[in-house]
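Quick note: the sequence shown uses our numbering, first residue 1, plus one each step.
Be a bit skeptical, because a hint or two may be false.
[To be verified] Distance condition first, Cα-Cα at most 25 Å in a straight line; then the derived SDA-like pairs of lysine to any residue:
1. 91 / 184
2. 128 / 86
3. 84 / 151
4. 128 / 70
5. 84 / 37
6. 128 / 212
7. 128 / 213
8. 128 / 60
9. 84 / 74
10. 128 / 44
11. 84 / 103
12. 84 / 169
13. 84 / 150
14. 128 / 103
15. 84 / 164
16. 91 / 54
17. 91 / 147
18. 84 / 119
19. 128 / 180
20. 128 / 215
21. 128 / 97
22. 84 / 152
23. 84 / 165
24. 128 / 168
25. 91 / 52
26. 84 / 40
27. 91 / 140
28. 128 / 68
29. 84 / 46
30. 91 / 136
31. 84 / 117
Simulated from the structure, these hints should not be mistaken for lab results.
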Amino acid sequence: MFRTISLRSLYVLVALVSLCFTTSYAQQRFSAGPRIGLNLSNYWGNADDLRFKPGVNAGVFLSYSSLNHFGISADVLYSQRGAKYETPVVKFTQRVNYLEIPVVARYYLTLNGDFRPNVFVGPSLGIKLNARRVNGDPAAYNADNTNDFRDLDLGATGGFQLNWRTGNRQHFLIDARYTLGLSEVQTNLPKVWGARNNLQNSTISLSLGYAFGVGPEFRSRYSR
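Please model the entire structure based on the sequences and the hints provided.
Structure below.
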């Protein structure tokens, strides 16, 4: 009798564990959408006389969430970076445009509900598209200088996101982040603006996004 009860208890336990794993898997979902915002960029390092320059970031994202505390997302963005350089003798704006691909792990502060703020951190890869000096004084400084910058810029990014449900499987996003380059950006820039070394991208970004659910959606087992 006791053996029969033990076997039945074991079967029930195995069934419950299997159900939990199945439910956890079923809660996984994807969302995707557009994103657009503002960059404030400069260079970190030996960067005297350099100031922040505004620019644009725009692109698309794909996000995965298991509907618990954790998720992951990736973006493909057009990102305008650079800096303003100004001394009593020379001034110009350095523009460098990148294809930026950040991949971040997210931690959601709520388990469920219509408002799910989250914090995130991860690597970011910048692929140089082109570069140019503009607004030069004297005007001779205005020129294409794409070859003055390295082709790839590896960095780290982190920040927070506010996430509101606005409709059936739709969310409005406000994203704020800081991205610091981990590698030298320049090749022969010291010839242009004096002795500069070990310059890294430093970018503050604020953007708006809109997410649409992709694929099936499942209810969370967590209560609000």
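Worksheet item: Are residue 128 and residue 103 close enough, with their CA atoms no more than 25 Å apart?
Response: Judged against 25 Å, a Cα distance of about 18 Å means the pair holds.
Worksheet entry | Restraint status (C-alpha distance of residue 128 to residue 97 at most 25 Å) | Given that 25 Å is the threshold and the Cα spacing comes to 6 Å, the pair holds.
Worksheet item: Can the restraint linking residue 91 and residue 54 be considered satisfied, given a maximum Cα separation of 25 Å?
Response: holds (16 Å)
Worksheet item: Taking only the CA atoms, is the gap from residue 84 to residue 74 under or equal to 25 Å?
Response: violated (30 Å)
Worksheet item: Can the restraint linking residue 84 and residue 117 be considered satisfied, given a maximum Cα separation of 25 Å?
Response: Given that 25 Å is the threshold and the Cα spacing comes to 34 Å, the pair is violated.
Worksheet item: Would the pair residue 128 and residue 213 pass a check requiring their Cα atoms to be no farther apart than 25 Å?
Response: With Cα atoms ~31 Å apart, residue 128 and residue 213 exceed 25 Å; violated.
Discussion item. Next pair to validate is residue 84 with residue 151; report whether the Cα-Cα distance is within 25 Å.
Written reply: Distance ~21 Å between residue 84 and residue 151 Cα, so the pair holds.
Item to complete: Compare the distance between the alpha carbons of residue 84 and residue 164 with 25 Å, and conclude whether the hinted pair is satisfied.
Response: violated (36 Å)
Discussion item. So if I understand the rule, the pair passes when the alpha-carbon distance is 25 Å or less; does residue 128 with residue 70 pass?
Written reply: violated (31 Å)
Worksheet entry | Pairwise hint evaluation, residue 103 against residue 84, where the allowed Cα distance is 25 Å at most | Cα-Cα ~28 Å, so violated.
Worksheet item: Is it true that the CA of residue 91 sits at most 25 Å from the CA of residue 136?
Response: Answer holds: residue 91 to residue 136 is near 6 Å, not above 25 Å.
Worksheet entry | Hinted pair residue 84 and residue 169, Cα distance within 25 Å | Cα-Cα ~42 Å, so violated.
Violated hints, in rising order: 4, 6, 7, 9, 11, 12, 15, 18, 20, 23, 24, 28 and 31; the structure is consistent with all others.
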